[in-house]
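Hints in hand, dock the two standalone chains.
Protein sequence lines, in the order shown, are assigned to chains A and B. Here the first sequence is numbered in this note's numbering, starting from 25 and rising by one per residue. Here the second sequence is numbered in this note's numbering, starting from 2 and rising by one per residue.
The hints are simulated quantities; they were obtained by calculation from the structure and are not laboratory data. None of these values were measured; they are calculated from a predicted model. Every residue gets a Cβ at the ideal spot worked out from N, C-alpha and C, and that includes glycine. Do not take every clue at face value.
[What the hints assert, rightly or not] Simulated restraints on C-beta separations:
no., chain 1, residue 1, chain 2, residue 2, range
1, A, 222, B, 111, 53 to 59 Å
2, A, 25, B, 210, 54 to 60 Å
3, A, 133, B, 111, 33 to 39 Å
4, A, 188, B, 116, 40 to 46 Å
5, A, 199, B, 221, 45 to 51 Å
6, B, 43, A, 94, 56 to 62 Å
7, A, 82, B, 159, 21 to 27 Å
8, A, 99, B, 209, 32 to 38 Å
9, B, 62, A, 192, 53 to 59 Å
10, A, 226, B, 115, 55 to 61 Å
11, B, 120, A, 43, 40 to 46 Å
[Claimed, not checked] Residues on chain B that point at chain A, a partial pick, calculated with CB under 8 Å:
no., residue
12, 82
13, 84
14, 87
15, 88
[Said to hold, decoys possible] Footprint (simulated), chain B over chain A, 3 or more residues, beta carbon under 8 Å:
no., segment
16, 119 to 126
17, 217 to 223
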Amino acid sequence: MDFTNLQFIDVSRTFGRRRALHRVSLTAEAGTITALLGHNGAGKSTLLSIAATLLQPSSGTVHYGGHAATNGAAALRARIGMLGHDLYLYPELSAAENLRFFARIYALPDVERRVVRGLEQAGLTERADDPVSSYSRGMRQRLALERALIHDPRLLLLDEPFTGLDEAAREALRDRLQTARAAGTIVLLTTHDVAAIANLPDRSVTLVEGRLAA
Amino acid sequence: MTAFARTVWVITRKDLLVEARTREILLTTLFFAVACVLVFAFGFVSEGRAVSDAAAGILWIAIAFSGTLALGRAFERERQGETLRALLIAPIDRPALYVGKLVGILILLTAVEVVVVPLVALMFQAALFEHALLMLGLLAAGTVGFAAVGTLFAAMLVRARSRDVMLPVLLYPITVPVIIAGVRGTAALLQTEAGGIPMARAWLAMLVFFDVVFITLALWTFEPVMTE
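The shape of chain B in the complex, shown without the other chains (with noise of 0.2 Å):
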């Protein structure tokens, strides 16, 4: 194992520990992704039958807010104790603390759509599960995407007064087209028209796309932005 990958693990395992011993980030992300499932499927379901393309929006709306729950306490817990400082202190490659921390993040994120990804099957009949592999790739990339940019603006806010504020104001801007393509690729997913597949294979490329730019600049950004 390389120093990098030691240190991503290192960081993983105990930012799971911390969360296993409080189980904080974990339930309040899932409670508040199943109540924004539930009042969602209430206004968009009436006589058993969902609007057209709902399941797609609704669950990842979802996973976005959700998400930025989760990724508001990832680094407030390294604030707190100010262990943030002892961590830059150490002489580990910066870069490797940012994918430590995202892969957390990526866990928690992953732990939430096993029951919410059913949960909107359910509530809005949607055959999320047909092309299963294809719905993994969609979920995989797009909560990887939007992960991986809320990781950074997570750390860069970490010093700031208003971050709880400031986070979601940074953050959907600039994650709004994995958000889009999420939704979109889903949406394609669910049509019952031959071109519903290749147009779902399209979003995920789009997806990986930008997975793969968003995280080189994160790891490019992210030493500069902890340097004080």
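The following block holds chain A by itself, in its conformation from the complex (with noise of 0.2 Å):
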């Protein structure tokens, strides 16, 4: 299953009597990065956590191409990768074993070529077998971006990705995701500073209460 856009029409979602996000639509095109900007609470992470298929919005439709979130789930899965506040990694394992094993939860081909070529855009490759829970926050950030992209994925979810870097690390992760978007990857990525992304994004668009700005 592949798919050029992702689409959020009239999307809504409430927590209980809490509502995180009204009425949001907005497209976003493959080789494209989008910039979701709001305070804390402003229902970014909720957004990316429905486009991920981690939450199902409460109304509305997302549409992934011409592919609705409910069909064939795992094959649209397999097309998305995320990263998020927390980092997903197991600070126990290196970073080649990290990345080894969610290649092979993906049941990726050539899972070794991959965890070489994961290591050298991470920049580990020297640190590989340590484990992560010995590395700065900017290494396992650039880990991290490496395992969501391990398999490939058409559409990337970023959540809050610039938080806590220093400015070499931002620029590292800056020049990584346009090289994503070049390679026709849908960026959708979450910050409340906009200072980090610069002129980064293709797109801003920003979320207030669950609302979307005009």
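The following block contains the structure:
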């Protein structure tokens, strides 16, 4: 299954009586970076979780090209990569073991080639066998991004990816995202730090209390 | 190997690799089980003679209590780095994730039982190895039933704030039939009267029945339980 755009149509989501998203409509195309801006609690992470199929919208629909989220869920998930607030890494395992584990979970061919490529992209070849718990925040973030990209996803979802990074690490992350964009990936990222993304996004939209600001 | 079996193996192997690095679950569970048996031995063994049927009860209490410790940690690892979300986004059969975690727990509990069963036999002078195959069947079926329910509840509670308290509160009432069947089956095995072995076989059959019911329900409910 492949798709070339992600489309939210009137997506709302409530948690009990609290409304996290209200009739959000948004389209992101392949080969573009879309930034979701907004304060904490604006609904950015909820929108990413819905795009990742981890949450169902209370109303509205999400389309991945011509496919709805409910159709062929596993095949659809195979085309989605996500990097969350937490990095989705096992600190007891090394960088190579983490990448190898996720490559096997995705049942990818050429596991070792992908692991080597991921380590190179993350600049962690020298420390491939060290446990992740011994890495700096920037190193973990780079590894986590390669973990999210190991299966060459069409849709890449990043939740506050610049948080806690120094300027050098931010620059490296921006470069990697530009490479992903050039490869035709739909990149959707959230941030409340506008300065961090600089001129990176092709489009920025702002969420305010669950609504897209005009 | 099918995709399901491959996923189970990848998850189990990862859990065992993490455990080999930390030895966190194995050591704490083993220490707790051994301490449990020793404390009861001081209470129930007097002048070298154990209270009748005590060995069976204490063996299963040690397994259940130490198993609860292991279950509590099983999904905690997936919660710490939110790796559970990464697994839920992956294109895998979610029941395979459940089975992978279950197999990992079963391997760890087997390692604990390898130490605890001879210890109970020694401390309580219980002839646990006289009918070794039947004893093995009771242990295997009882452990599978207990861990099958426990793994599901541990997954359910992974996002709950009071998960450490809630796990035993939910787990023990549901697994009481398994623990009773394990205790009564083991006690029947230790009987010297003629009816002991058929009775142990009957309890074993009941444990297998519980296993089938619990695993079927767990596989059926795991996907909705994991969907937020």
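Hint check results:
For the hinted restraint 53 to 59 Å between residue 222(A) and residue 111(B), the CB-CB distance of approximately 55 Å keeps it satisfied. Between residue 25(A) and residue 210(B), the C-beta spacing of about 41 Å breaks the proposed range 54 to 60 Å. Distance hint check for residue 133(A) and residue 111(B): the Cβ-Cβ separation is about 34 Å, which falls inside the suggested range of 33 to 39 Å. Remark: the range hint 40 to 46 Å for residue 188(A) to residue 116(B) is upheld by a beta-carbon distance near 43 Å.
Separation of residue 199(A) from residue 221(B) is about 47 Å and conforms to the stated range, judged on CB atoms against 45 to 51 Å. Our hint of 56 to 62 Å for residue 43(B) and residue 94(A) holds, since their Cβ atoms are close to 59 Å apart. For residue 82(A) paired with residue 159(B), a C-beta distance near 23 Å keeps the hint of 21 to 27 Å intact. A C-beta distance of roughly 37 Å is found between residue 99(A) and residue 209(B), which places it inside the suggested range of 32 to 38 Å.
One distance hint, 53 to 59 Å for the beta-carbon pair residue 62(B) and residue 192(A), holds here, with the actual separation near 56 Å. Taking 55 to 61 Å as the suggested C-beta distance range, the pair residue 226(A) and residue 115(B) conforms, at roughly 60 Å. About 57 Å separates the C-beta atoms of residue 120(B) and residue 43(A), a value inconsistent with the hinted range of 40 to 46 Å. With its C-beta approaching chain A no nearer than about 5 Å, residue 82(B) sits inside the 8 Å limit, and its interface hint holds.
Interface restraint check: residue 84(B) against chain A, minimum CB-CB distance 5 Å, threshold 8 Å, status holds. Using the Cβ-Cβ criterion of 8 Å, the hint placing residue 87(B) at the interface with chain A is satisfied: the shortest such distance is roughly 4 Å. A hinted interface residue such as residue 88(B) counts as satisfied when its beta carbon comes closer than 8 Å to some beta carbon of chain A; here the least separation is about 7 Å, so the hint holds. Only residues whose C-beta sits within less than 8 Å of a C-beta in chain B count toward coverage, and the segment 119 to 126 of chain A has 3 of them, enough to reach three; the restraint holds.
Chain B is given as covering the segment 217 to 223 of chain A, and this is violated because 0 residues of the stretch bring a CB closer than 8 Å to a CB of that chain, at least three being needed.
Taken one by one, the earlier hints fail for this structure at numbers 2, 11, 17, listed in ascending order.
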